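Modelling step: build the complete structure from the supplied sequences, incorporating the hints.
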Amino acid sequence: MTQNSAKISIQGLSKSFGSKKVLDGLDLEIATGTSLVVIGGSGTGKSVLLKCILGLIEPDAGRILIDGEDVLTAPPERARALRDQIGMLFQNGALFDSESVWENVTFGLLARKRISRTDARARAISVLAQVGLTEQVADLSPAELSGGMQKRVALARAIAADPAILFFDEPTTGLDPIMGAVIDGLIVDCVKRLGSTSIAITHDMASAARIGDAIAMLFDGKIIWQGPPTAVMASGNEFVDQFTHGRRDGPIQMALRR
Amino acid sequence: MTRIFDPIALLGRSTIAFITVLGELGLFTAAALAGLVRPPYYPRNIGRAFADIGFFSLPVVAMTAVFTGMVLALQTYTGFARFDAQSAIASVVVLSLTRELGPVLAGLMVAGRVGSAMAAEIGTMRVTDQIDALTTLATDPIRYLVTPRLLAGVIALPLLVLIADILGVAGGTLVATLRFGFNVSDYLRQTLQHLHGMDVASGLIKSAVFGFVIALMGCFFGYRSRGGAQGVGAATTSAVVAASILILGLDYVLTQAFFTI
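Protein sequences appear in the order of chains S and P.
Mapping of the first sequence onto my numbering: position 31 corresponds to residue 31, and the numbering continues sequentially without gaps.
So my numbering is basically just the index in the second sequence, starting at one, shifted up by 1000.
Treat the hints as calculated values from the structure; they're not laboratory data.
A couple of the hints might just be wrong.
Lysine to any residue pairs mimicking SDA-like chemistry, simulated, CA-CA at most 20 Å apart [unchecked claim]:
1) S:Lys113 <-> S:Ala164
2) S:Lys113 <-> P:Tyr1042
3) S:Lys113 <-> P:Pro1039
4) S:Lys113 <-> P:Thr1139
5) S:Lys113 <-> P:Ala1229
6) S:Lys113 <-> P:Asn1045
7) S:Lys113 <-> S:Gly132
8) S:Lys20 <-> P:Arg1226
9) S:Lys113 <-> P:Pro1141
10) S:Lys113 <-> P:Tyr1144
11) S:Lys113 <-> P:Pro1040
12) S:Lys113 <-> P:Arg1226
Predicted, not measured: the structure shown is a model, and the values here were computed from it.
Below is the structure:
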């Protein structure tokens, strides 16, 4: 596997819910070790894209290649092994209420039997330290944490198994700007330290610029623009320009009125 | 617009929706039962579910059983006195409780207390992405959440009903001796005289089935929750209503099977 080969390749991905076509022949490639940020308005299918790759939603058509293998046609065990490379940070953390913080962090490791329960707490404390949390939070319940701390614990859970691929779903949603920047910094640190390939979805442009090596815009079920973060604010694409500058009038609104 | 109010179209849509739910329920049940025969197993989850269904339901089931036994003795005495058949109180109380009222009332109380809580908990996990998170962490959500609850329901409810039977008889004994002047040892001797093993066993088998149904309905409606708090609320209501109706319907079917064949 060379540095520039595609870790994830999505070809012609389509998904409809009833009569609403959310993804419409979407093509996307993410090179190994790079971070792609997918931007787009609410309801444009960004989360659906991630859920299709994760196997949480079954697409109607298309191919999803991880390390060159199509997870949609691979035998179930192989597809599971390919997807086991993925760590996921959910939009609202999705921490398990019934488990303590340390049990949440090492949940995946324990499920995959990569670690014994007796070693798990020490491992969790080590991972929590990587996201700036102390041992004191390890035995707390997720409900006892602030939103920012919950996001950090969720990030710790996502990185605990040293995944080769990381997904971030709206990582800064619901956080104040400073905590958003802190989480973004942690994400960049974790991705670099692990050498992971990552996809983040957001509509927070400041966050996109901090996290991404590249930015892609999803609109009308397709990727309509892709480029470096430095180019996104002056992309020359009228859809992207309207979105990134937050203009009320423009082709996106016109498309919605259609 | 006119199609919405077309009664034939409405009937067709409702029928298709009902059959779809039945199909989903069948697949869901099969997936949960598969977790009984293939690892991984989750003993901690089984323990938690057992405590929720069994231990923490004990006070409400115990109170229900005691009062039911007391009322049964009172009603039977006043009714049977018209035929000079007061001596049959002990047999009527124990047979009613073990065969019928113990399992049904305990089932309905547990459906209200535990079935709703299961639907709310799993429904909240669904709408907050916790169930998706389980999948991304190499864990089958049905085996992790549903199978332990089904197993705990099948084991815990018969134990609850056994305790309910004993407490119900105690309640009946209390009324018969203190209110109507029966001798305690005579009353208890009459209680055991006409009680057969099958009377107790049929109630325990019924309660195992009811335990399965309560857990299945709670998990199923919670698992398919959609749309935030309103969806979770609707799932909770559906779980309790479906479990209660199934308990009453299955009670008839099982009674028919046990005592008329």
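Each hint, compared with the structure:
For the given pair, Lys113 (chain S) sits about 18 Å from Ala164 (chain S) by alpha-carbon distance, which is consistent with the 20 Å threshold. Restraint check: the Cα-Cα separation between Lys113 (chain S) and Tyr1042 (chain P) comes to about 13 Å, which is no more than 20 Å; the hinted pair holds. Our distance criterion of 20 Å between C-alpha atoms is met by Lys113 (chain S) and Pro1039 (chain P), whose separation comes to about 13 Å. For the hint pairing Lys113 (chain S) with Thr1139 (chain P), the CA-to-CA distance comes to about 11 Å; that is within 20 Å, so the pair holds.
A threshold of 20 Å between alpha carbons decides the hint, and for Lys113 (chain S) with Ala1229 (chain P) the separation of about 35 Å lies outside it, so the pair is violated. The straight-line distance between the Cα atoms of Lys113 (chain S) and Asn1045 (chain P) is roughly 17 Å, inside the 20 Å bound, and the hint therefore holds. Between Lys113 (chain S) and Gly132 (chain S) the alpha-carbon distance is near 26 Å, which puts this suggested pair outside the 20 Å criterion. A C-alpha spacing of about 18 Å is found between Lys20 (chain S) and Arg1226 (chain P), which places the hinted pair at or below 20 Å, so the restraint holds.
Note on Lys113 (chain S) and Pro1141 (chain P): the hinted pairing holds, with a Cα-Cα distance of about 17 Å set against a maximum of 20 Å. A distance of roughly 15 Å separates the Cα atoms of Lys113 (chain S) and Tyr1144 (chain P); the hinted pair therefore holds under the 20 Å criterion. For the hint linking Lys113 (chain S) to Pro1040 (chain P), the alpha-carbon distance of about 10 Å falls within 20 Å, and the restraint holds. With a C-alpha separation of about 32 Å, the suggested pairing of Lys113 (chain S) with Arg1226 (chain P) is violated against the 20 Å cut-off.
Taken one by one, the earlier hints fail for this structure at numbers 5, 7 and 12, listed in ascending order.
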